[in-house]
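Please take these sequences and the hints and turn them into a complete structure.
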Amino acid sequence: MLYDESTNSVRRQYAMQIFHINTRNTSLILAALPSGLLSCLHYGARLRLRQEYSALLEKKDVCYGDMVAYSREDAALGLDDVCLAFSTPGRGDFREPMAEILLPDGSSTTDFTFVSHELLSGKPPLAGLPSSYCDGGNCETHRFTLEDSAARLRIRLFYTAFYESDVIACHAEYENLGAEPVSLVRAMSAQLDLPDAAFDFITFTGAWANERQRQDKPLSTGVYVNDSKQGASSSRANPFVMLKRRGADEHQGECYAFNLVYSGNHAEIVEATHFGKTRLLLGINPFAFRWLLAPGKTFTAPEAVMAFSAEGLGGVSRCMHRFVRHNIVRGIWKERERPVLINSWEGTGMDFDERKLLSIAKVGAELGAELFVMDDGWFGTRDDDTQALGDWTVNPKKLPHGLDGLQKRLRALGLDFGIWVEPEMVNENSALFRAHPDWVVRQPGRPPCLGRNQLVLDLCRKEVREYLVDAMTRVFSAAEVSYVKWDNNRNFSDAYSPVLPPERQGEFFHRYMLGLYEVLSELTARFPNILFESCASGGNRFDLGMLCYMPQTWTSDNTDPMCRLTIQNGTSYGYPLSTIGAHVSASPHQSTLRQTPVETRFNVASFGLLGYEMDLTELTPFDRKCIAAQVAYYKAHRRLFQFGTFYRVRTPEHDNRPVWLVVSEDRREAIACLFQFRAEPAHTQDILRLTGLDDALLYEIEGRAQYLSLRAFGSLVKHALPVKLNGEGVPMAMLATRYRFPMPEEQYLAGGDMLQKSGLRLRQQFGGTGYNDRLRILGDNGSRMYYLHAVEEGADS
Numbered sequence: 000m001l002y003d004e005s006t007n008s009v010r011r012q013y014a015m016q017i018f019h020i021n022t023r024n025t026s027l028i029l030a031a032l033p034s035g036l037l038s039c040l041h042y043g044a045r046l047r048l049r050q051e052y053s054a055l056l057e058k059k060d061v062c063y064g065d066m067v068a069y070s071r072e073d074a075a076l077g078l079d080d081v082c083l084a085f086s087t088p089g090r091g092d093f094r095e096p097m098a099e100i101l102l103p104d105g106s107s108t109t110d111f112t113f114v115s116h117e118l119l120s121g122k123p124p125l126a127g128l129p130s131s132y133c134d135g136g137n138c139e140t141h142r143f144t145l146e147d148s149a150a151r152l153r154i155r156l157f158y159t160a161f162y163e164s165d166v167i168a169c170h171a172e173y174e175n176l177g178a179e180p181v182s183l184v185r186a187m188s189a190q191l192d193l194p195d196a197a198f199d200f201i202t203f204t205g206a207w208a209n210e211r212q213r214q215d216k217p218l219s220t221g222v223y224v225n226d227s228k229q230g231a232s233s234s235r236a237n238p239f240v241m242l243k244r245r246g247a248d249e250h251q252g253e254c255y256a257f258n259l260v261y262s263g264n265h266a267e268i269v270e271a272t273h274f275g276k277t278r279l280l281l282g283i284n285p286f287a288f289r290w291l292l293a294p295g296k297t298f299t300a301p302e303a304v305m306a307f308s309a310e311g312l313g314g315v316s317r318c319m320h321r322f323v324r325h326n327i328v329r330g331i332w333k334e335r336e337r338p339v340l341i342n343s344w345e346g347t348g349m350d351f352d353e354r355k356l357l358s359i360a361k362v363g364a365e366l367g368a369e370l371f372v373m374d375d376g377w378f379g380t381r382d383d384d385t386q387a388l389g390d391w392t393v394n395p396k397k398l399p400h401g402l403d404g405l406q407k408r409l410r411a412l413g414l415d416f417g418i419w420v421e422p423e424m425v426n427e428n429s430a431l432f433r434a435h436p437d438w439v440v441r442q443p444g445r446p447p448c449l450g451r452n453q454l455v456l457d458l459c460r461k462e463v464r465e466y467l468v469d470a471m472t473r474v475f476s477a478a479e480v481s482y483v484k485w486d487n488n489r490n491f492s493d494a495y496s497p498v499l500p501p502e503r504q505g506e507f508f509h510r511y512m513l514g515l516y517e518v519l520s521e522l523t524a525r526f527p528n529i530l531f532e533s534c535a536s537g538g539n540r541f542d543l544g545m546l547c548y549m550p551q552t553w554t555s556d557n558t559d560p561m562c563r564l565t566i567q568n569g570t571s572y573g574y575p576l577s578t579i580g581a582h583v584s585a586s587p588h589q590s591t592l593r594q595t596p597v598e599t600r601f602n603v604a605s606f607g608l609l610g611y612e613m614d615l616t617e618l619t620p621f622d623r624k625c626i627a628a629q630v631a632y633y634k635a636h637r638r639l640f641q642f643g644t645f646y647r648v649r650t651p652e653h654d655n656r657p658v659w660l661v662v663s664e665d666r667r668e669a670i671a672c673l674f675q676f677r678a679e680p681a682h683t684q685d686i687l688r689l690t691g692l693d694d695a696l697l698y699e700i701e702g703r704a705q706y707l708s709l710r711a712f713g714s715l716v717k718h719a720l721p722v723k724l725n726g727e728g729v730p731m732a733m734l735a736t737r738y739r740f741p742m743p744e745e746q747y748l749a750g751g752d753m754l755q756k757s758g759l760r761l762r763q764q765f766g767g768t769g770y771n772d773r774l775r776i777l778g779d780n781g782s783r784m785y786y787l788h789a790v791e792e793g794a795d796s
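So for the sequence shown, numbering that gives the first Met the number 0 puts the first residue at 0; every next one is plus one.
Hints are computed from structural coordinates only; laboratory data are not their basis.
Among the hints, erroneous ones may be present.
Stated by the list, open to error - Subject to a maximum C-alpha distance of 30 Å in a straight line, what follows is the list of computed DSSO-like cross-link-like pairs (lysine-lysine): (1) K59 x K276; (2) K228 x K461; (3) K634 x K407; (4) K461 x K407; (5) K216 x K228; (6) K723 x K624; (7) K407 x K333; (8) K396 x K407; (9) K634 x K624; (10) K355 x K624; (11) K407 x K355; (12) K634 x K355; (13) K296 x K228; (14) K333 x K634; (15) K624 x K361; (16) K296 x K461; (17) K361 x K396; (18) K216 x K276; (19) K634 x K361; (20) K396 x K355; (21) K407 x K361; (22) K58 x K276; (23) K407 x K624.
As the list claims (entries may be wrong) - So the derived label-pair ranges between C-beta atoms look like this: (24) P500 x E465: 13 to 23 Å; (25) T380 x G221: 51 to 61 Å; (26) T220 x A695: 17 to 27 Å; (27) S492 x Q755: 45 to 55 Å; (28) Q594 x A434: 44 to 54 Å; (29) E179 x Q442: 44 to 54 Å; (30) E744 x S358: 31 to 41 Å.
Every residue, glycine too, gets a C-beta built ideally from N, C-alpha and C.
The following block contains the structure:
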């Protein structure tokens with residue numbers, strides 16, 4: 000049967016079947032071999048459809064040395080050196096397996112061979128799990144069925160190609176056809192075997208307040224694991240990973256990207272073999288996992304996604320960005336511009352009342368903000384983090400007019416109302432815990448560990464899930480709530496649920512996630528107009544699973560802009576700007592005590608979803624003027640900032656002067672920002688070389704109107720002012736709070752080809768000698784933003 004490009008249907012060739020799955024720029028080619036194995040022949044750049052595929056088949060004439068021959072009929076076939084689409088232990092494949100199944104007799108040898116292939120219209124949802132969806136329904140899904148007839152087990156592998164995004168989504172279903180239960184001790188979602196190992200494995204690891212720091216590991220023979228064991232996708236190891244071919248970089252070369260649509264324990268395992276092959280596995284972490292699969296039952300593994308680009312790390316990132324925006328995020332906020340918000344947390348902590356909140360909100364409204372978010376501390380006796388978590392009733396001393404009264408007063412100021420909740424957690428000192436001490440996650444016979452003075456509610460229990468839905472429904476219905484920040488501030492310990500029998504305790508972590516997804520599905524369906532933002536001690540649960548319910552995520556509790564450069568840069572490899580919550584906070588910063596200019600704080604936060612998180616009533620006149628101008632600028636270019644095409648022109652991991660760029664879809668406008676970690680005397684000229692523009696267009700480039708504090712000049716002011724002032728004196732301090740020193744105006748004109756192939760030579764930067772009104776002044780932690788717009792088309796020649 001010939002391949003039909005319009006339907007991606009099956010082609011038969013000789014004694015095997017070839018399956019050629021295409022996106023616009025990529026091809027995944029699988030083969031059902033004569034042995035019955037399902038093999039991966041190619042995943043990478045798009046290949047033409049042909050009658051002949053023998054060039055891609057591995058040529059095996061002998062088994063080397065101690066290799067195990069897979070079958071008596073073909074003594075040359077050893078599984079340890081074959082690129083497979085699915086693998087289990089026991090038949091000669093000694094690499095990390097995709098699945099390990101403990102059979103009723105205690106053995107774990109299984110052998111799955113190809114049975115059938117079906118082409119499904121659209122994309123079936125995953126039972127109880129978040130997953131991607133076809134935007135407009137114009138996609139097809141390939142379903143492969145493999146069986147082990149001796150063990151009475153069936154595996155179904157699903158592959159859905161998202162044509163425009165160049166992303167393929169895949170997952171696995173494990174079905175017990177036998178009469179006795181079996182135990183899944185490893186049930187991964189996807190496997191990709193590649194025929195060579197000339198790659199760097201890129202992960203995004205970190206910790207609280209230091210999330211998603213890029214780590215590059217050149218592959219050599221061995222196993223590499225990126226995983227979370229803490230019950231969340233975690234700040235320690237995000238499930239998004241990449242493979243970069245050696246020699247590739249941000250802008251060119253072959254790169255792969257992978258992610259998991261899941262929010263719990265996960266593992267991404269890469270093995271480079273002695274035979275020069277690479278295997279990558281994604282799925283639920285086998286750690287503390289064992290699923291008892293009863294006769295006739297099916298286990299569905301979470302969805303994995305993968306992408307390929309020959310345009311470097313940036314190219315494959317943009318594939319993922321398109322996919323997340325169009326095929327993960329859903330609901331009315333999918334394409335809607337997000338509001339500029341004020342969050343109370345860093346400004347007040349839990350020490351506030353209605354009067355204080357309204358005083359901050361009033362200033363925020365005057366500065367142009369659109370949404371006020373009341374963070375932790377509004378409920379029960381919540382004056383510190385040791386009490387009242389779980390008691391979702393208003394504290395009348397803090398909010399005498401209730402949520403509705405506060406919301407109406409905010410509305411009178413022109414602001415929408417947002418609220419913070421942490422439904423999955425509870426304090427021991429709370430009415431909820433006193434009423435239901437059995438609802439928390441704890442192991443019998445020992446006191447549970449505390450994290451941030453709180454315990455985790457057991458979402459394996461139906462009554463707990465029902466309570467959370469009812470409690471949050473009451474909160475969200477008590478006022479006109481426009482935004483909800485859903486927090487989760489501790490990791491798991493003492494994992495155990497009394498509703499699970501001993502043989503099913505290995506299901507706890509996954510059943511907790513299924514319970515959470517059930518709660519989120521119900522609440523987002525009840526409140527479709529609310530803008531939900533996921534948070535978990537900052538970025539401890541920044542993943543595609545949460546983004547299926549909440550279109551944006553709080554990126555990190557660390558809002559220091561110089562830290563945020565690497566945090567947001569690392570996040571951007573897998574997630575678009577429209578998902579990245581980013582706030583301007585006070586200086587010196589609460590986490591680092593670092594002093595940074597208010598303009599740099601905005602310039603970093605604008606590449607994301609802008610908010611302000613400080614006590615706005617304490618702003619100087621200087622800061623008020625700057626922030627009002629910032630908010631107006633962001634609103635004027637909001638669609639570009641939030642939904643434009645993002646380029647990491649130069650990255651903060653490798654450059655003292657990183658450059659970020661966002662470009663409109665028609666490439667007629669763009670915004671670039673040059674940041675500077677450290678100033679250097681006698682610095683040579685900065686060259687702004689961009690990408691993603693139209694070579695044929697002529698662009699006008701204008702520096703955003705930014706201002707410097709006079710304090711930045713220190714004792715130099717005495718040489719510049721007609722009146723001699725002490726740079727550290729009181730008169731100077733008073734002047735600095737009111738007077739804005741303007742950065743020099745910058746205007747340039749350049750063709751798109753010049754900007755991309757040579758670069759714009761910016762004005763000279765102050766370097767320690769001399770000053771005039773044309774010199775650019777950045778200093779340590781400085782930055783300058785530039786707006787580009789096309790003014791005419793350049794000559795064709």
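Are there hints from earlier that the structure breaks, and if so, what are their numbers? 4, 26, 29
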